[in-house]
Amino acid sequence: MAGLASSKETYFQGVQFTAKRSIMVASAFGLAASLSAVVLGDESGYSVSEHQKMKLAAIEAMWDSEPAPAAFTLFALPDAQTGKNRFEVKIPWLLGLIATRSVDTPLPGINDLVVKAEGRIRNGLIAYDALDHLRQNRNDAEARATLASHAEDLGHALLLKRYVEDPRTADDATIAKAAHDTVPGVAPLFWTFRLMAVLGFAFILLMATVFWKACRRDFSSRWLLKVCLWSLPLPWLACEVGWFVAEFGRQPWSIDGVLPTFLASSSLASGQVLFTLAGFVLFYSSLAVVDVLLMRKYVLMGPVKALGLNNHAAVVAPAE
Amino acid sequence: MSIPVDYEILRLIWWLFLGVLLIGFAIMDGFDLGVAALLPFVARTDVERRVALNAIGPVWEGNQVWLILGGGAVFAAWPAIYATAFSGFYIALFLVLAALIMRPTGFDFRNKIKDTRWRNFWDWALFVSGLVPSLVFGVACGNLLEGVPFRIDGDMRIFYEGSGLFELLNPFGLLAGLVSVAMLTTHGAVYLSLKTEGPVQKRASSYVRFGSVATVILFALAGLWLASGIQGYVITGDIAADGPSNPLLKEVVRQPGAWLANYGRHPWMLAAPLLGLAAPLVTAGLIQLRKPGLAFIASSLALFGIVATVGVSMFPFLMPSSIAPSASLTVWDASSSQRTLFVMLISTLIFLPIILAYTGFVFRVMRGRVSAEQIEANSNSLY
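Chains P and A supply the protein sequences, listed in that same order. Position one of the first sequence corresponds to residue 33 (the working numbering), numbered consecutively onward. Position one of the second sequence corresponds to residue 324 (the working numbering), numbered consecutively onward.
It is possible that some hints are incorrect.
Claimed, not checked - With a straight-line cut-off of 16 Å between C-alpha atoms, the simulated EDC-like cross-links for lysine to aspartate or glutamate are: (1) K329(P) - E699(A); (2) K435(A) - D198(P); (3) K435(A) - D446(A); (4) K435(A) - E699(A).
What the hints assert, rightly or not - Coverage of chain A stretches by chain P, computed from C-beta distances (three or more under 8 Å per stretch; other residues unrestricted): (5) 406-416; (6) 474-484.
Treat the hints as calculated values from the structure; they're not laboratory data. The C-beta atom is built at its ideal place from N, Cα and C for all residues, glycine as well.
Using the sequences and the accompanying hints, generate a full structural model.
Quick look at the structure:
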């Protein structure tokens, strides 16, 4: 809204009044929204450290476990081949505070989590076997008890289905490979997360500046209006990279530790999926073009003409 | 926490809710679809078309909630059905979605440019947005009655073996699709004769006469075909109604006339098809007597009867499999867990009345007819 209003004000001095009001409303909401994004982000960081430890470790390119309180990696060149960062800049304590809200909880690194995953796969095989027995005989109490005590790791056994039909036949090398599959792509996660965070803080800075100036009835700064206008696509970009972090960071799971993605997807032929993907892209793109053209038309028209003569009075002499 | 309602009862309740939501959708959004599908025919001039559009303008988005609610209920209460139907009817549902996306854009874009070609284009887009979903929902029901080609492997992964869209468009499926189009366009026309005046109302009323007779004939034809030519499905042997939702634990066979077996066992179920046959004729009669309000109720009852007929004929089947009948999805083995069903029951009991209340409120506020004068006086703010 601030972006649109700025463009209007920049190019059409005649409707300054509406634009100024829009900027005031937009900057107040924008500031509140960007601040609350930090609170929400902090909350998700805490919950990720609890439920999706691998995602957190990958986002932070944290190959080895960090002693408490963990350091935050500001910059790194992750190398998946060696399981190390080629170069890194760290801020001590910060990650431990964000992710665990404490100074005495260590955070597990990627390499240790892989070792742990291997143990969970072996444990899950026991559950898988028990489930098979239970399917053959619903009243097998022993199998039911075994399944109940190992059910937490059943999903890990399913990871083996990528390589063998029956997970119980997998050899040690296959199990090690499946354990290694639990690591998502570290470098893309590391960088998209940082892009999102930088954008988030940039929004706060921008909205706070605009809000501060708007409160002092100062709308004169042309460069600020230009920044607002050109920031229009940035919230969208922040959303997209945030979505990428959430979904790509979850791989290879659809439900962390329960259902692997390759088992969760439907059995549709790729041609069908390609058809609908292409269809939606074409369809939405054409609608977007029409939408933008209409918006442009109405922006050029200005609020008085767009609303029609009946509402003319309301726009020109608004009730204070 | 122990759950105070039996699994079996919960499954039955959610089967009923599924019916309520589908019927709710047919009654509420059905007339929006019907009006859109009739738009180019019952309304000829620009102002007439805007009268028709603004008759559903304030309510269509709210009505669409029934579709979302229905989809959501299937997803949460009958996840196996959701997975099988959305993968199996993939391209068909893509078409429905694309058509439904044309609806808001049609409404919102249409009056933004004063150009006959532009407005005609969106009028036909709205026509498609009404016709395609009406047709596809009917075709889907027809295919459910015939059985759908899917199987389930040991990991409970569902494999749809059909060849896609054109397989769905078989003669019986198309007939069911026509029943759906006839009943929803009739319903839309009844709504227009209730909410408009002048030429739009006149044309809508005369369409009701044609549409309701067509509905009865097509519905009766489909019934005869179902009785004589379509094999139904029967569970042989035991099925635990409170057992785990694993569709592979039972035996099913196909039998001619099996879809009529429920009516022999529970004759009261005949009320559904009888309502479907009688109510459209009552609708036409009430329109003739210039009682569009009562006609709308009669038309709603017709939709109730027709949709309920599909449900009770198939019970306890929800989605039979034509290639692996024993993998068919039924009320007893395709639901989510007892706890999920119970928690959702509680939230439905809280939220459904709220939805009904605000829907009722909107209809009250927006009562009365839409006239050409209103459109011309508020040309820039109305659809």
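We went through each hint and held it up to the structure:
A hinted pair counts as satisfied when its Cα atoms are at most 16 Å apart, and K329(P) with E699(A) does not qualify at roughly 22 Å. About 60 Å separates the Cα atoms of K435(A) and D198(P), which puts this hinted pair outside 16 Å; it is violated. With a C-alpha separation of about 13 Å, the suggested pair K435(A) and D446(A) falls inside the 16 Å cut-off, and the hint holds. Between the alpha carbons of K435(A) and E699(A) the distance comes to roughly 15 Å, so the proposed pair stays at or under 16 Å and holds.
Beta-carbon proximity to chain P at under 8 Å applies to 5 residues in the stretch 406-416 of chain A; the threshold of 3 is reached and the given coverage holds. For a cut-off of 8 Å, the count of residues in the stretch 474-484 of chain A with a CB near a CB of chain P stands at 5, and the three-residue condition holds.
Going through the hint list in order, the structure does not satisfy hints 1 and 2.
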